[in-house]
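J.: Kindly produce the complete structure, drawing on both the sequences and the hints.
6 protein chains.
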Amino acid sequence: MIRTLICAVALLLPMRGPAQIFTLTREQLIQLTAQNPFGRFPDGRPKVPDGLIARARGMSMEEIFAVLPSQGFHNQYADGFHVLYPAKKMVGRAFTVQFMPARPDLAAVINARGRVYNQTAIDMLQPGDVLVADLFGKVNDGTIVGDNLFYYMAKTAKCAGLVVDGAIRDLDGISEIDMPAYFRNAHPSYLTNVSITGINVPIRIGNATVMPGDLVVGDSEGVYFIPPQLVQQTVDDADIVHVHDEWTRRKFDEGKYKSSDIYGSPTDPALKKEYDEYLKKRLDEIRNRK
Amino acid sequence: MIRTLICAVALLLPMRGPAQIFTLTREQLIQLTAQNPFGRFPDGRPKVPDGLIARARGMSMEEIFAVLPSQGFHNQYADGFHVLYPAKKMVGRAFTVQFMPARPDLAAVINARGRVYNQTAIDMLQPGDVLVADLFGKVNDGTIVGDNLFYYMAKTAKCAGLVVDGAIRDLDGISEIDMPAYFRNAHPSYLTNVSITGINVPIRIGNATVMPGDLVVGDSEGVYFIPPQLVQQTVDDADIVHVHDEWTRRKFDEGKYKSSDIYGSPTDPALKKEYDEYLKKRLDEIRNRK
Amino acid sequence: MIRTLICAVALLLPMRGPAQIFTLTREQLIQLTAQNPFGRFPDGRPKVPDGLIARARGMSMEEIFAVLPSQGFHNQYADGFHVLYPAKKMVGRAFTVQFMPARPDLAAVINARGRVYNQTAIDMLQPGDVLVADLFGKVNDGTIVGDNLFYYMAKTAKCAGLVVDGAIRDLDGISEIDMPAYFRNAHPSYLTNVSITGINVPIRIGNATVMPGDLVVGDSEGVYFIPPQLVQQTVDDADIVHVHDEWTRRKFDEGKYKSSDIYGSPTDPALKKEYDEYLKKRLDEIRNRK
Amino acid sequence: MIRTLICAVALLLPMRGPAQIFTLTREQLIQLTAQNPFGRFPDGRPKVPDGLIARARGMSMEEIFAVLPSQGFHNQYADGFHVLYPAKKMVGRAFTVQFMPARPDLAAVINARGRVYNQTAIDMLQPGDVLVADLFGKVNDGTIVGDNLFYYMAKTAKCAGLVVDGAIRDLDGISEIDMPAYFRNAHPSYLTNVSITGINVPIRIGNATVMPGDLVVGDSEGVYFIPPQLVQQTVDDADIVHVHDEWTRRKFDEGKYKSSDIYGSPTDPALKKEYDEYLKKRLDEIRNRK
Amino acid sequence: MIRTLICAVALLLPMRGPAQIFTLTREQLIQLTAQNPFGRFPDGRPKVPDGLIARARGMSMEEIFAVLPSQGFHNQYADGFHVLYPAKKMVGRAFTVQFMPARPDLAAVINARGRVYNQTAIDMLQPGDVLVADLFGKVNDGTIVGDNLFYYMAKTAKCAGLVVDGAIRDLDGISEIDMPAYFRNAHPSYLTNVSITGINVPIRIGNATVMPGDLVVGDSEGVYFIPPQLVQQTVDDADIVHVHDEWTRRKFDEGKYKSSDIYGSPTDPALKKEYDEYLKKRLDEIRNRK
Amino acid sequence: MIRTLICAVALLLPMRGPAQIFTLTREQLIQLTAQNPFGRFPDGRPKVPDGLIARARGMSMEEIFAVLPSQGFHNQYADGFHVLYPAKKMVGRAFTVQFMPARPDLAAVINARGRVYNQTAIDMLQPGDVLVADLFGKVNDGTIVGDNLFYYMAKTAKCAGLVVDGAIRDLDGISEIDMPAYFRNAHPSYLTNVSITGINVPIRIGNATVMPGDLVVGDSEGVYFIPPQLVQQTVDDADIVHVHDEWTRRKFDEGKYKSSDIYGSPTDPALKKEYDEYLKKRLDEIRNRK
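Protein chains in written order, with the numbering used here: chain S, 56 to 345; chain V, 56 to 345; chain Y, 56 to 345; chain P, 56 to 345; chain G, 56 to 345; chain E, 56 to 345.
Heads up, some of the hints might be wrong.
Where chains are identical, the list cannot tell them apart; a pair therefore holds if satisfied intra-copy or between any two copies.
[Said to hold, decoys possible] In silico SDA-like pairs for lysine to any residue, Cα to Cα no more than 25 angstroms straight-line: (1) K335 - G113; (2) K313 - D178; (3) K336 - A209; (4) K213 - R95; (5) K327 - D292; (6) K336 - R110; (7) K328 - D291; (8) K210 - D323.
If you are wondering where the hints come from, they were derived from the structure by calculation, not from laboratory data. This one's a predicted model, so the numbers in the text were calculated from it and none came from an experiment.
T.: Next up, the structure:
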């Protein structure tokens, strides 16, 4: 169904209007995400494999931070959200939506071939997707979903979560549904006075630039948007950090060391050797296990 | 006791001073809330019936929002509070208090016949009341109650809750007492450098105008102040929303429909008919049950 | 005209409604401002004499600060305004207006005997008045006047200025009219979605409590609201400060003293004596001149 | 030169990548602004005639507000800027640019056919344009121009002004150049860590949606973005407001009327008739003069 | 180890540089905290006895507030933190650290005898210490510890808690470690672009001035820093408040009294007598028990 | 006089208390600013020569930004001030003062040998100094000077300006005195409830670390604090920028070039050669002139 819709949009594009305000063709989306090393959805969106998504569940924000800036990606983190389930990690593929304040002439163009609104995007979601919506921080009249659509996303669409630079409504109802959500506030009003200006185009959430197909990882602190081409490295490097933490705490537990003897890289050569051997052994165990 | 106090005030009014800074006579309060369809307290304040209060416990903020703005009431919602018990719904009748920054000449007038302070208002509370206090956002020296007065409100006065555009003190102690509270912050200081300038007069809480006798409903998002004349309609309409949600989720659970097929009003005539019949049947059940 | 209106209100009070939401009778206003040592307007509002207003023009905010807190008045200063004419001192008598977010049932009561709105208050202004309006910081739809009403206030009503905890519109037009104004922002929208809930009642502007008849003094920093009973002392004490500043700078100009030798009270007995004699002589000159 | 560039982009579009992240073809821009009643630039952008731009110089923000919301355009105004020349009206045609936080993979796509940066857009400006740039409020490293580029815009490109939801640098140098500018702040840093993601696409500035070719009007309060199709009506209606203001002040100057007799529509039938005749006569004069 | 370090610093002081940017000698620290009535650590820092720390666990912020301002200490409370364990009281001795934005020339002086950084301070912590760090509200690049150092503080150093006017990293990992923490935010970045400019010197946290050895008490509201010389009085006075609360609630539970009859000091002489006897009896019990 | 005071402090240091809370000895100050290439005041503070100060008057914030971050100094700029004279450049040597919220025990130590307060620092100022005071953003009760002390600083002490992360009082009076000032706000209150904790020690102003003797440069945007060792380079490099701007504008004025042909470094080799020759010639002229 999604596939059909996207094809239709692509075919009509040259004839009917500046549809790229709305969405990209498969070819355009592939060009936009040319560095994606994985497969793609029919519409061209990168599809980080389920196996990596599962491994990514074990990563912390700090382990992602250890990779992304060093690769030149300084603007992939957003925080300042209300977090629905602080104790529940969110991991999924970004499905992006951009809203702007409504103006009738723009709305006429956008809705020329049928009304485009929040459900248009929600009905396009795939299992494992995180809906990432730029509602420019709007709270009053800026509620992207209430508990019914949230239920639909969680149960029928099998989504992995929601990130909105805007609001939700029915917080009490939503709190009974087991899907992670990151939002600026809850408000009882309806979503109104806005237009959708892009679906699966690059969007901005706080100071992060999000592209369709990014791996979205959220915890109690905030949300990271990882480009597909960096997912494998990030997951692998996190294993090393996990072992380092494991070893560090063991040594701390011995009570013989100051934090500066151990933390970072051990300064004592014998300790350093002990650590290196431990790291090698543990990485073997972890990676063979997987 | 309250009755006596109010009568005394009313009688003395013409002789002793501009007491309306302090409170209204029964007649004035009745005129101010002329659209109230229910009974009243001896002082004239509207008394939404206990039965409706019980039913209102099942309403969400969104269901109230579905009624009030459509009736021209756009300024009845306040949020941005610290919520003591996010999982506990607050429902009760508004007892309003207005404070202003203290000035000695105004205080002399207010206190001419005995000191008027926070306990003056607290001792007037009736079972089922929510104390709604405008402390103009004051936190330092703006703590309307600590744990002892909060205990008194909850246990002796049998209040339904507290909403203060200001602070409380003794948060740890208050957290052991089972009464909802909405406040801007907690602070260890005493309430000082303010005067009470009105009891049971219209007040402003954030962007909401609150009148004595409004039905106050609070959840994890914020607080609604419902005029008595709209309580019945709000409660009745909420039943319809409940049934709609029930049906929507059943259909979502079938997994055959996109959200846009179901949510809002079903577009398919057969589905629409199915829904209408379901609604009729369930409303009968619900309303007969009550 | 004002007189007639006020009398009518007073007479009708017991019969027609809770008019004190709207205004006070002359008797009530006199009680409220009982410490006023000066004459009054027909409606009871204190009338600080023109002579003192003229002398008050020479006072700074700091000279007022030197008196008010020491008399227990800690909440008489407001700032954070856009100041239309930073180089022009504003001095006049407070005419207070209170707005609240609109609600239809309250509006019905307020407007029962004719619509009450911003012009209702503006048409009651007297020469030398400063309109002080609590619009609770509202900017969008919170514009108390545009350039036409501002022109009317300045030219026809001969007002001394405007202080609004809200907005104005037509800033460019207003900037051509020579009357001081203090406002939170300018906005092109109309004043709407509010009700007037009080005229010449105590109001709050920021952290200041303002009463009708207070002397309002504004400069480039902010606005002071001085109770009538403290105006004489404030003006007199300012003379002493002026002389002190005069003498201090003369001594600084001699270049022989550190600031700590001179500023505050001179520590050297000879200097102290010199200062005391200078003060006595200059005060005689100043006060005899007046 | 601009024409060539645009054509090149259009021709290459189907083959080279998702260029619509960067700009629109002439056809797409025409579709997007289909209601434009005027001519267009070679790239399709609406060109409000110079004559209307000249007349628009006489309009106030309030006169624009009187038209736009009534036509359903509620989101065309932005404020909160530092205004370089508060006393100088800015009027020109919107040339829009959108920035996002930089990410290397997106930058690779954008710069595939040559680096796209702030000067790319600036070199495309036409005489009479206002550069409107969404830099998402960035100040540090968010300076769209310094005094050299500002000089170029003013002198060589003959631009009408600058609106940036971001910063400028070299404020002291810029203050010597006579072109209006609206910016969030000044900062000494360079523009860095951002990518241009759109030129002459719809953008958001504060709560306003801006489209290429909108008429941009700025005064000391803020900035209005008027869709081309509403420019004529706005300019015409402003004439009526000017006459109304003229007449109102004349009547105020007579000193016989309260503001509520005159302001709005006169309540007295004779006055109303006098006003209607005055309006007719003056409009004839004004419009014949033009 | 700590002792050795401090001595070394003291000996080298006159020869090697302005070390007081870094820390104080034992003698200087004793002079700075001359009113301390208790013992001291080898470095001179006051050591509030363990017995008093245990009793202080029962105090509320409000009980501390009842003592400190009355003794002239108005600036000892800080709030606005994220509180890791709102239900867990934090009590310990202040170990203070001051950071400033880095500048290479200052860093060269500070690090002249070995790099001084967050672990330098952390390795000096003593059992029962609360690390109190002024990171001037820095969040991005302002994370004083992650989960490893937090684990070290809790397990190896046996610290009582952390207060940082800045950030932490690894919030999810930290949430598994049982030590109280107060911080402005969590962020995935490393601590960088800062220098330590003081260890165990007076620092500012929000509006509080903190000195090394202050008793730090934190609850769900905020944090109090109690000078050692006021700890005994504060703990003793809290006993009286506890008894007063006990008695007040008993009386409230009888349901015969208004809050104003009981709260504060009973107005009825018989009640007052009853209370005084109750207070005496209970204090005897409590203090003999201890 | 200053010299004497400092010597006295130094001599008494070992006996009387932890004076480094208050100030540094000459030797300590020299160590702290070891990279200073210029002479020093008797107290050890670096003294950037008058000639360089004169040349620095011609620099812009952007020219300083072009040097400092490239030398590793990222935290030397502060803004967000009210600027008393936006059109007047401020250049002078930093005299630093640090305040903290008052606490009686700390105050007792600080004032042990005579009260230390704002005038203590002000009486130590030298001609050409800029008083830079950390008052931690305090406005109410955080006014470092009023018009009398400001007059003293300007006229008697011949200071170059004032930067305070706090407030001033008597803004109207101060506005008549011709000395630059940067402050957070003006307020009528006195300076109270604070202690001076450092004179000529490193302090923080916003995100900048300021050391005594830094060259302070302020314009209408903000304030830069330049370490003495970078002053010569900054001034020299600014000459190059001035010539570049001169040449750029001449070329823009020819109207033949796009901004991207000229700005930055010319891309055309002939243009580049022309520019290089122009630069050489003009630098010769400028530097020989000096």
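J.: Under a CA distance limit of 25 angstroms, which applies to K313 and D178: within one copy, between copies, both, or neither?
T.: Between copies only: 6 angstroms across, 56 angstroms inside.
J.: For K336 vs R110, is the C-alpha pair at or below 25 angstroms within one copy, between two copies, both, or neither?
T.: Close inside one copy (19 angstroms), not across copies (49 angstroms); limit 25 angstroms.
J.: With 25 angstroms as the alpha-carbon cut-off, assign the pair K328 and D291 to within, between, both or neither.
T.: within (22 angstroms within a copy, 52 angstroms between copies)
J.: At most 25 angstroms between alpha carbons: which applies to K213 and R95, within, between, both or neither?
T.: Result: close within a single copy only, 18 angstroms intra versus 47 angstroms inter.
J.: Tell me, please, which holds for K335 and G113 at an alpha-carbon limit of 25 angstroms: within, between, both or neither?
T.: within (19 angstroms within a copy, 49 angstroms between copies)
J.: With identical chains treated as interchangeable, where does the CA-CA distance between K327 and D292 reach 25 angstroms or less: within a copy, between copies, both, or neither?
T.: within (19 angstroms within a copy, 47 angstroms between copies)
J.: Can you tell me if K336 and A209 fall within 25 angstroms by alpha carbon in one copy, between copies, both or neither?
T.: neither (40 angstroms within a copy, 28 angstroms between copies)
J.: Given a CA cutoff of 25 angstroms, do K210 and D323 count as a within-copy pair, a between-copy pair, both, or neither?
T.: Answer is between: at 22 angstroms across copies they meet the 25 angstroms cutoff, but 54 angstroms inside does not.
Going down the numbered hints, you'll see the structure goes against just number 3.
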